[in-house]
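Student: Here's the letter readout for the chains.
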Amino acid sequence: MELNQELEAVPQALSGHGVEESALVTILGKWDPLEREAFRKKTPNLFIEDKERHFQRWDDHYARLLKHEFVRFKNTVMLWSMHPWERDARLVKEAIKKGKASYGVLVEIACTRSSEELLGARKAYHSLFDHSIEEDVASHIHGIERKFLVALVSAYRYEGAKIKNEHAKSEAKIIFDVIKNAHKKPINEDDEVIRILATRSKPHLKALYNHYKDISGKNLDEDLDDIRFKEAVQCLCTPQIYFCKVLDSALKIDVDKNTKKALGRVIVTRADIDIKEIMADYNNLYGVTLPHKIQDIAKGNYKDFLLNLIARGSN
Amino acid sequence: MATLVVPKDSSPIEDAETIKRACKGLGTDERALISILAHRNEAQRKLLRQAYLDLYHQDLIQQLKCEVSGKFERGLCYWIMEPAERDAAYAKEALEKATPNYYKIIIEIGCTRTSEELLAIKRSYQFLYKHSLEEDVASHTFGDIRRLLVAIVSTYRYEGHVIDESVAISEANIIHQIIEKKDFSNDEIIRILSTRSKKQLCVTFNSFRNLYGSTITKGLVASPSDEYLDAVRTTIRCIKYPQRYFARVLRNAKNELGIDDDGVSRVIITRAEEDLKEIKDLYFKRNNVTLEDFITNNISADGDYKNFLLALLGSNF
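First to last, the protein sequences are chains A and F. Sequential numbering of the first sequence, starting at 1, is according to the numbering used here. Sequential numbering of the second sequence, starting at 1, is according to the numbering used here.
Check before you lean on any hint, since a few could be wrong.
Unchecked claim - Listed below are the simulated DSSO-like cross-link pairs for lysine-lysine, each with C-alpha atoms no more than 30 Å apart in a straight line:
#	chain 1	residue 1	chain 2	residue 2
1	A	K184	F	K181
2	F	K198	A	K169
3	A	K162	F	K254
4	A	K173	F	K182
5	A	K185	F	K181
6	F	K130	A	K206
7	A	K123	F	K65
8	A	K164	F	K46
9	F	K92	A	K206
10	A	K202	F	K97
11	F	K130	A	K169
12	F	K182	A	K123
13	A	K202	F	K65
14	A	K173	F	K254
15	A	K98	F	K92
16	F	K97	A	K164
17	A	K173	F	K240
18	A	K123	F	K199
19	F	K46	A	K162
20	A	K123	F	K97
21	A	K97	F	K199
22	F	K181	A	K162
23	A	K184	F	K182
24	F	K182	A	K93
25	F	K198	A	K93
26	A	K162	F	K92
27	F	K65	A	K162
28	F	K182	A	K185
29	A	K202	F	K130
Worth flagging that the hints you see were computed from the coordinates, not collected in a lab.
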């Protein structure tokens, strides 16, 4: 490789999801001091030129970001090797600690897991943190979304297929009316909507979703303004589509670190469940395959690991 | 401690045969039924029920429904059920009938059973009624009491020993503020009572007493009397000292309206294998009358039902 090509390859290796370990080893690892100085001078987004003192120093912000990229593979490995219960319990704990930006993860776990999987997470949470999930969610969240989130994480839904269609229809109407009046009374304060979304079985809610479309002409999640309610409906009624959207948001170069983490989280948590369906939907929605996108955006061991998880999951 | 008296060994097949004989012909030998059924523990009853099904291809409970009636039938059928199935049935009945104290039954189930027992009850409920307990509680109630009851049955409390005293003190203060401002609908009180572990809550109750010299339940009164506040007080009593709560149910069983048979029967049946001894002692301490005497003097109309209850209390029937 020419030096010019090499000077492109190393910053490339350091931008994206994860890092390209092999490029760093073979190229950066062999450069002499002059080559490394050329590298520092040619990458102003990584290194800041101190013109007064004539040297280049790492940009602090980028250095902090890079720390996350190096450790991304390790974190994914840890997450993958965990028992699913511990995995979900730890994801919940982290989401509570991180605050509002991560509440979507709480909704995701509460609504896409089966009743027994969520129960397992709650058991593991007792064991790991000496608290119950509901107690920590309730005591750490103070805003208007608390009632809904506590109700979601406490759910132990009936999982049989039996539903009462008249109830699904009448409850779709109830929700339709609440949404119509949302300007007078916010949906977060409506006990009926919370009751329906947090206690009804998933088959019931899917029937409700269809009835709603008949009444409103639009999908329920489209008509909901509140982000948590929207996510909950998507997770409960159309989970694979929800995961496609999360993956699509994550598979971009310049996204915040919470959004970036979603890539690893979704693949690890769905590889054994429904990754095949998610990949098919992804292809339909975005016209490109998931492995192809991951190949473009992710790097190194992290990339290879994710691709492997997908490949085994879809066999 | 349990009050139930059981023989060391029993043969489920012999028991099933004896019961079949007791049911044969025009009459029913209630005495024989009581002498067996009221002296078998949960494990023995389960085997007996299975043996009866194997031998006679009929569910024991269905058989008994044809043989006995009234309160005796009701009590016997509840008694024979496995605890999880029984509590699910009590909850279903409470919600459907919506009797004035329906919420007490839901709170008893949510707060005096262990987390694992509550889980088994919810599974049993889903199996029997094709709905979750939470969804039925939610759809049968409104407003403040709905928020409380749904939270109580949804919770899966931590049952370990770890507690945080500073949290207990801060939450005792939160509750005190709520009482001072009479802001009883405040979500915080439901949050604390329904999500914290029972050990943590007991520390909170003690902290409240130490800080303010009075109990929380004394502060939770309003006029006119309020179903929701009574539910909150019931919740606190069930968590703090369940045996005293149950003794109170028994004590209140005799009032202007008559006798709360259902309450008496429910406490005796659900606690006979748990802590009915302590409950009996607490009852006697407050009333100076033994529970057996109360039953003998007040439930004499249906002799079999009376004998059945007395047998569960440890008497020789």
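Student: Could you run down the list of hints and mark each one as holding or not?
Tutor: To see whether the hints hold, each was checked on the structure:
1. K184(A) to K181(F): holds (27 Å)
2. K198(F) to K169(A): Violated: K198(F) and K169(A) sit about 40 Å apart, past 30 Å.
3. K162(A) to K254(F): Not OK: K162(A) and K254(F) at ~43 Å, beyond 30 Å, violated.
4. K173(A) to K182(F): violated (36 Å)
5. K185(A) to K181(F): holds (25 Å)
6. K130(F) to K206(A): The given pair, whose Cα atoms are some 17 Å apart, holds under the 30 Å limit.
7. K123(A) to K65(F): violated (40 Å)
8. K164(A) to K46(F): violated (33 Å)
9. K92(F) to K206(A): The hint holds at about 25 Å.
10. K202(A) to K97(F): holds (27 Å)
11. K130(F) to K169(A): holds (18 Å)
12. K182(F) to K123(A): Not OK: K182(F) and K123(A) at ~36 Å, beyond 30 Å, violated.
13. K202(A) to K65(F): violated (36 Å)
14. K173(A) to K254(F): violated (46 Å)
15. K98(A) to K92(F): Distance of about 40 Å is beyond 30 Å: violated.
16. K97(F) to K164(A): holds (21 Å)
17. K173(A) to K240(F): violated (42 Å)
18. K123(A) to K199(F): Since the Cα atoms of K123(A) and K199(F) sit roughly 18 Å apart, the hinted pair holds (cutoff 30 Å).
19. K46(F) to K162(A): With Cα atoms ~29 Å apart, K46(F) and K162(A) stay inside 30 Å; holds.
20. K123(A) to K97(F): violated (34 Å)
21. K97(A) to K199(F): Holds, because 24 Å separates the two Cα atoms, which is no more than 30 Å.
22. K181(F) to K162(A): Given pair K181(F), K162(A) is violated - Cα atoms ~46 Å apart, limit 30 Å.
23. K184(A) to K182(F): Judged against 30 Å, a Cα distance of about 27 Å means the pair holds.
24. K182(F) to K93(A): violated (34 Å)
25. K198(F) to K93(A): holds (22 Å)
26. K162(A) to K92(F): The given pair, whose Cα atoms are some 18 Å apart, holds under the 30 Å limit.
27. K65(F) to K162(A): holds (29 Å)
28. K182(F) to K185(A): With a Cα-Cα distance of about 24 Å, the restraint between K182(F) and K185(A) holds, given a limit of 30 Å.
29. K202(A) to K130(F): holds (13 Å)
Consistency note: the structure conflicts with the earlier hints numbered 2, 3, 4, 7, 8, 12, 13, 14, 15, 17, 20, 22, 24.
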